[in-house]
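J.: Work out the full structure: start from the sequences and follow the hints.
Each protein sequence line maps, in turn, to chains S and Y.
Counting with the working numbering, you get residues 1 to 627 for the letters of the first sequence.
Counting with the working numbering, you get residues 1 to 298 for the letters of the second sequence.
Don't take each hint at face value.
Some chain Y residues close to chain S (C-beta under 8 Å, calculated; not the full set) [stated by the list, open to error]:
(1) 148
(2) 152
(3) 218
(4) 271
One-sided excerpt, in silico: chain S residues whose CB lies under 10 Å from chain Y [unchecked claim]:
(5) 279
(6) 281
(7) 285
(8) 399
(9) 407
(10) 424
(11) 526
(12) 528
In short, the hints are calculated from the structure, not lab data.
Because the structure is a prediction, the values reported are computed rather than measured.
Cβ coordinates follow ideal geometry from the N, Cα and C atoms, glycine included.
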Amino acid sequence: MINEVPIILFVPIVAGILAWVLDVKGVRELIGLAGAVIPVAYLIKVYPTVADGKSITYALTLGSFNMSFTLNTMTWYFAIIGAVLGLTMALGMVSTAKSGYNWLFALMSFTAVLGVFTAQDFVSFFLFWELMTFASFMMVLKYNRHASLKYFILSVIGAYAMLLGIALVYARTGALDFATISQVFAKDAQLTGLSGMGYHATLTFSRTDMILLFTFFLTAFGVKAGAFPLHVWAPDAYSETDQSYTTFFSGVLSKAGVYGIFYVLLMMMGAKLYFSLGTFHGHPLFLYIIAWIGAITVVVASFLAVLQEDLRKLLAYSSVGQVGYILLAIGTGTALGFSGALFHVLSHAIFKGLFWLVTAAVILRTGKTRFEDFGGLAEKMPITFAMGLVAVLSLAGIPPMAGFASKWLIYEAAIQAHMPLVAGAIFLGSALAFAYVVRFLYSLWFGQRPSDLDDVKEAPAPLLVGMGILGILNIVFGIAPGLVVEYINKLFRKPVITGNYYKMITPNGTYNALSVTLVLIAGIVIAGLLYVYGARARKVPVTDTYQSGNPVTEEYNLSIRRNFYRPLAEALDFWLKYSWDRFYERLGQLSEDFADVLRKSVYNGNVQSYSWYLAIVLLILALWGVL
Amino acid sequence: MNFDVRLVLEVIGMLLYATFMGFIFMGIERKAMARIQRRVGPPIYQPIIDTLKLLGKKESISHGFIYDFGPIFALGASITALLFLPLANFQLFSSNADLIVVAYLLEVPMLGIMLGAMSSGNPYSALGVQRGLLTMVAMQLPYGLAIIAIVQHFGTFKLGEIVALQQVHGWSILVPALLLAMIVFDIVFQAMIGLEPFDIITAPAEISMGPMLEYGGKQAAILFTQHAVQLFAETAFFAILFLGGASNLLELLIKQIAVLFIAIFVASIYPRFTIDQAAKFFWKWPTIIGIIAVLLTV
Chain S
1 MINEVPIILF VPIVAGILAW VLDVKGVREL IGLAGAVIPV AYLIKVYPTV ADGKSITYAL
61 TLGSFNMSFT LNTMTWYFAI IGAVLGLTMA LGMVSTAKSG YNWLFALMSF TAVLGVFTAQ
121 DFVSFFLFWE LMTFASFMMV LKYNRHASLK YFILSVIGAY AMLLGIALVY ARTGALDFAT
181 ISQVFAKDAQ LTGLSGMGYH ATLTFSRTDM ILLFTFFLTA FGVKAGAFPL HVWAPDAYSE
241 TDQSYTTFFS GVLSKAGVYG IFYVLLMMMG AKLYFSLGTF HGHPLFLYII AWIGAITVVV
301 ASFLAVLQED LRKLLAYSSV GQVGYILLAI GTGTALGFSG ALFHVLSHAI FKGLFWLVTA
361 AVILRTGKTR FEDFGGLAEK MPITFAMGLV AVLSLAGIPP MAGFASKWLI YEAAIQAHMP
421 LVAGAIFLGS ALAFAYVVRF LYSLWFGQRP SDLDDVKEAP APLLVGMGIL GILNIVFGIA
481 PGLVVEYINK LFRKPVITGN YYKMITPNGT YNALSVTLVL IAGIVIAGLL YVYGARARKV
541 PVTDTYQSGN PVTEEYNLSI RRNFYRPLAE ALDFWLKYSW DRFYERLGQL SEDFADVLRK
601 SVYNGNVQSY SWYLAIVLLI LALWGVL
Chain Y
1 MNFDVRLVLE VIGMLLYATF MGFIFMGIER KAMARIQRRV GPPIYQPIID TLKLLGKKES
61 ISHGFIYDFG PIFALGASIT ALLFLPLANF QLFSSNADLI VVAYLLEVPM LGIMLGAMSS
121 GNPYSALGVQ RGLLTMVAMQ LPYGLAIIAI VQHFGTFKLG EIVALQQVHG WSILVPALLL
181 AMIVFDIVFQ AMIGLEPFDI ITAPAEISMG PMLEYGGKQA AILFTQHAVQ LFAETAFFAI
241 LFLGGASNLL ELLIKQIAVL FIAIFVASIY PRFTIDQAAK FFWKWPTIIG IIAVLLTV
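T.: Structure below.
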């Protein structure tokens, strides 16, 4: 029997290399598309196996390292999200990618992400993690050097933190495979629990070790997930690349960080962290910290998203904010919260993926990115607009869309976990989400159209297909959230959320998506009847409006393009003075200046001064040796 | 869902009743405001006449599909929100969705109105959209805190259970923490139904009705109807959360009118905030009171 795992893992990268080597227009697109379709097909093929709770493992020996990859109930969930988004990315890239370079690195990160999701030991996890960083860095580097370097530096910090964490685990356990390490942690957690009751035991990991491990891994995964205050790379990197690739970059790569927190911090070390770090007001301390990081990320990123003037930046900040929701849901520490987080991983991937594809189409057709240059595109790109509207409804959490189903679970989880202030952050965050999606709607699609956009055409077919896939998924999972919830219940091996395909029942709440849909449709029909009853409407252009008796000429564009939310900026002026991004930039500038000073004064290229340094060092060594 | 005849009749009856009462509420609002300002004011059925007149107009204009769809979507969403509330002895669909869903559904109509307003291309409408969303951003934090306090106190999200618990243990506002939550909710409520000091969205004297500006004829009639249904649903929502719900429609009506009058009295005293003042206000006192309320109910 052929093992499916290596095919799923390595087909994309092989296709990427082929596309890069051949680099013939038409051929590279076909190869790339095939490389993205095959993993999806195989993942669907193995669904019955993983849904049964069985797993498929593939082992690979590389030098002295044994690497193993597994598809099981947990990893399949993340892998299929990654693969579907990868497919839509490939569809988008057929239209937007201009060279084999893009195909190579986009598909390389596809393989890398699947590797991260399926890895069963720290060696392969780390290797694929770095491959993922490298490939996405190369994708940004081609478009903007500054943004890519910022991304790279923060990623390197994350990678070092992870390496330190892995080293610490290895030093204490002598193992690198997840199974053994999990066992050690579980046993150690039990002993810690016992020693809390006065029973003395020799622990493998001390409290300090656990604090260090928590910090290291949280930094590593936080960078990738874009958690506050490590989020600063994300807005630049997400916007300065091929927008079709961002579908995957923001939809899936950020989920690698979430997956890491889920898998390493929670499933592997969760119990041990709980016993070692203790609780805070009844919440496990380590989860409480994650919940607050999530809440702050939601609020800060959403506020910044509202105030952006660039389409890509707005969506990038919004991505950061939405990942904040996932972290927050994990932080509630209840099965309901984990379910909400896992569901939001899916729904964020599909609605934000859709957003980025719409953006890719708009940028492809207009070549503009700033809100002030857009307007009135709804008439020119009606299908793209409809898809954008689906994405907007889903992100804003309008029932019955997938975005609402997952957000609803997060609300319930956060309030039931008695984290009122954290839950308050979700309320604020979703109002802000409303505000920024309306900015997206208004500036792009409505109002007067600048005259240079008069001959814009509808998006190309492959992009539309990609959008169609994601749009349909948004609606299907919105009306039938049970499809997702049923699978998530399998992960917990118990029904956390009951109900049926259309209905979700938590211990204290219900949401019947189908009935909401039907009633909404009925309501719209009633309103529609009123509309039909009235007299026929005469169509007039958007320039023919009421202007207080002060008609202006048609050349004057009356749409509000710049600083749409200026009053908010005024209300927030105190807070906007502080910026982590500027802080890091200043830090970077300082170290550059310092290096400059060093270069000018110390490394001045003068042989005589170098010999002096040598003499001084030798002298110090000699003294040290004598002492 | 069972499509039994009784439920369908109840829904139709409730829709007619709510629309009618909503229009009467709008009339009461105008009449009471006029009496406070020592004017005679229009008769309280005036909004119904206005709406019928608008619906009967021989011609209306349209700026495109979304422009027409916006009001229709808004009315549809208002009707949806209404039907998921347990209204007195009529449970309707309320067992199918809980507090969070209803709180969201009550905000959806706003998106419909915004959608239509934005596509009209009128700069005043765009200003209204901006103001509407910023008001929503401003009020959402205290609003959320008030809702969280309710849920934490009763330990359930189901509106039916919240009403039942209040009927056993007394109204929410008899609990000190929930009284604080009610104060917060009432301040937010002023913005939800668009009355002073938070009538920033429509601000007739500044941006001539904002989002509604371009609408006339049948679309305006739909928006009027939407406002009526929304007003009924929101006052009922208030009564359900804080005033013990109701066991019959008359009791509910009395509570709704009480809520409405408080809103009218506040509205006729205070002038309008500017949008940044409103944001700063909402993030100060209501938020602080809200935080106290949620911490007391943890």
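J.: Could you run down the list of hints and mark each one as holding or not?
T.: Hint check results:
1. 148: Interface hint status for residue 148 of chain Y: holds (5 Å vs cutoff 8 Å).
2. 152: Nearest chain S Cβ about 6 Å off; hint holds.
3. 218: 3 Å, holds
4. 271: 17 Å, violated
5. 279: With a closest approach of 15 Å, the residue 279 of chain S hint is violated.
6. 281: Holds: closest Cβ of chain Y sits about 8 Å from residue 281 of chain S, inside 10 Å.
7. 285: 17 Å, violated
8. 399: Residue 399 of chain S check passes; min Cβ-Cβ to chain Y is 6 Å, inside 10 Å.
9. 407: Result: holds, 9 Å to nearest chain Y Cβ.
10. 424: Hint holds; residue 424 of chain S Cβ to chain Y Cβ min 5 Å, cut 10 Å.
11. 526: Holds. Min distance 6 Å.
12. 528: 5 Å, holds
Going down the numbered hints, you'll see the structure goes against 4, 5, 7, while the others check out.
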